[in-house]
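The whole structure should be built from the sequences, with the hints applied where relevant.
Taken in sequence, the protein lines are chains A and B. So for the first sequence, this note's numbering puts the first residue at 118; every next one is plus one. So for the second sequence, this note's numbering puts the first residue at 29; every next one is plus one.
Note that these hints are calculated values from the structure, not bench results. Wrong hints could be hidden among the right ones.
[What the hints assert, rightly or not] On the chain B side, residues computed to face chain A include the following (Cβ under 10 angstroms): (1) Leu161; (2) Leu165; (3) Tyr191; (4) Leu198; (5) Arg204; (6) Asn213.
[Stated by the list, open to error] Derived DEER-like restraints, expressed as beta-carbon distance ranges: (7) Phe156(B) <-> Gly248(A): 44 to 50 angstroms; (8) Thr332(A) <-> Thr215(B): 53 to 59 angstroms; (9) Leu34(B) <-> Lys211(A): 32 to 38 angstroms; (10) Lys217(A) <-> Ser287(B): 47 to 53 angstroms; (11) Thr335(A) <-> Gly126(B): 46 to 52 angstroms; (12) Trp204(A) <-> Gly126(B): 23 to 29 angstroms.
We treat Cβ as the ideally placed atom computed from N, Cα and C, and that holds for glycine.
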Amino acid sequence: MSEKVCEVKNLTYYYPKSDKGVKDVSLYVNKGSIVGLLGESGCGKSTLAKCISAQLTPEYGEIICKKIGYIFQDNYASLNPAKKVGWLLKETIKYANPEKFFEYEKRIKNILEDVELDETVLEHYPSELSGGQRQRIGIAMALLSNPDILIADEPVSALDVTVQKQVIKLIKKLNERKNLAILFISHDIKVVREICNYIYILKDGELVEEGESETLFTNPSSEYTKNLLDSSYLE
Amino acid sequence: MKKIKLNNQKKVGIIIIIFMIAFVLLGFLNPHPFDLMNKDLKLAGPSFSHLFGCDEFGRDILKRTQTGMGISVAISVFSVLIGTFFGTVIGALCGYFGGIVDEVLSSIIDVLFAVPSLLLALVFVSLFGSGYLQVTLALGIAIVPSFAKMMRSEFKKQRELEYVKMAKLLKIPTARILFVHILPNVTETFLNCVFIAFNNCILAEAGLSFLGIGVQPPLASIGTLLSDGGGYIRKAPFMVFFPALTLILLLFGIGLLSSGESFHHAYSKRFKD
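As structure tokens, then:
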């Protein structure tokens, strides 16, 4: 049996003065697996991710997770525009992995190799990089804390199709090489199908279905999943 | 090395300010002491030995203007430093934390904001006496509310951005997030506030000294020079003209420096070119 790196039990969170949020959600992510969290925009995917990563405090429920790395959706806003990439990576090591700070140069070199970027990016500001390069820097920063699980909150939705493929390939590669667990959040069925082993479907803050990727796509049990899949085939 | 492209307004502003700094520094080479009286030179007009003429006590107006400008600028610089420091800290705390911290600090700021800065400075001076130290502190305190308000709104905007959330996730200490991560991103507003505050301080200091509650004789400041010259405006207009000209030039230079395209914009434009 695989080791669980993250488990969420009966998590409930509502935004103040709103009925929006997530209700009684339970899920788990095993080591080395890529778990998809799929649903329409506004269904609570990012809220759930924020609760798991302690950006929001849930009202009920239990979260047992090992070390988390987080990849944000907006690769432009997630990198400090006033600082160079080299500074951002150094700062990340300083606080996410202080015991290894003495070898930060080596760590930066290695992480850039992992995300397939060359060292010239270190001297650039985020605004000088392409969307794909920025997202790779975001992934590098998430990896620098040596996470057991990586939460990727719509990591490719702001990228064009070609760059999307490259980033997905990179995430897959990192998962295989580092045996890293990934919670992949997306509203894009094709992307989730391509990358995930196990999928949770979220609707209006509640889980409506879960299952192995191929089983869920070939034989969905809930009406909502069927509609969701049909709408994607219509495209 | 970062290259900042400046527009023509800023370039002219910088030239004027360099000129004013040189004007003040050249005062050290001026052989006439600023407080040396000479009854033979009473209200003497501009000449080669006294380029700006002499005042009612025969003191060299050029030297007094140079000294006065230096004192006015020094008072304003220190006032801005005090106001900027406390204003930024208070604004940053209010904007970043929100909630009860924001409510309490904002209420204090609102009360201070309701009192005109010059009146606030007058109250301070009347409580603690007149003099350049008191004026510096009074003007510094008077700047805090406006600075805090501007910084509060900037930090409030920034705290919602993902790079700040990223910094929080990395458990970077709050003080570092505020002043190392966020502050460089609000430079545009920060610098504009500094320039406006500096201009206001120069004017307020001149106003307080003009009213006789700022810098005390025999020390000079632009305000005292204008006040002294006011009584002789028909007989010796140069007593007002030269100090007023230097004051206008300084304010104009700072105004140009803070106008038009911001430094931040000029800086980010570098990437597009």
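- request: With respect to the beta-carbon atoms only, verify the hint that threonine 335(A) and glycine 126(B) lie 46 to 52 angstroms apart.
  value: holds (49 angstroms)
field: Restraint satisfaction for arginine 204(B) [CB to CB of chain A, less than 10 angstroms]
entry: holds (9 angstroms)
message: The hint says 32 to 38 angstroms between leucine 34(B) and lysine 211(A); measuring C-beta to C-beta, is that right?
response: Since the Cβ atoms of leucine 34(B) and lysine 211(A) sit about 34 angstroms apart, the hinted range of 32 to 38 angstroms holds.
query: Does the nearest C-beta of chain A fall within a distance shorter than 10 angstroms of the C-beta of asparagine 213(B)?
result: holds (5 angstroms)
- prompt: Does leucine 161(B) pass the interface hint, meaning its C-beta sits closer than 10 angstroms to a C-beta of chain A?
  reply: Check failed: Cβ of leucine 161(B) comes no nearer than 36 angstroms to chain A, outside 10 angstroms.
message: Restraint: leucine 198(B) near chain A, CB-CB cut 10 angstroms. Satisfied or not?
response: Since the shortest Cβ distance to chain A is 5 angstroms, the answer is holds.
message: Can you tell me whether the CB distance of threonine 332(A) to threonine 215(B) sits inside 53 to 59 angstroms?
response: Holds - the Cβ-Cβ distance for threonine 332(A) and threonine 215(B), about 54 angstroms, lies within 53 to 59 angstroms.
- prompt: Does the Cβ pair lysine 217(A), serine 287(B) satisfy 47 to 53 angstroms?
  reply: Since lysine 217(A) and serine 287(B) have Cβ atoms about 48 angstroms apart, the given range 47 to 53 angstroms holds.
message: Can you tell me whether the CB distance of phenylalanine 156(B) to glycine 248(A) sits inside 44 to 50 angstroms?
response: violated (58 angstroms)
query: Can we keep the tyrosine 191(B) interface hint, with Cβ of chain A closer than 10 angstroms?
result: OK, holds: tyrosine 191(B) within 10 angstroms of chain A, min 4 angstroms.
- prompt: Does leucine 165(B) pass the interface hint, meaning its C-beta sits closer than 10 angstroms to a C-beta of chain A?
  reply: violated (32 angstroms)
task: Could you tell me whether the CB distance from tryptophan 204(A) to glycine 126(B) stays inside 23 to 29 angstroms?
output: Holds - the Cβ-Cβ distance for tryptophan 204(A) and glycine 126(B), about 28 angstroms, lies within 23 to 29 angstroms.
Going through the hint list in order, the structure does not satisfy hints 1, 2 and 7.
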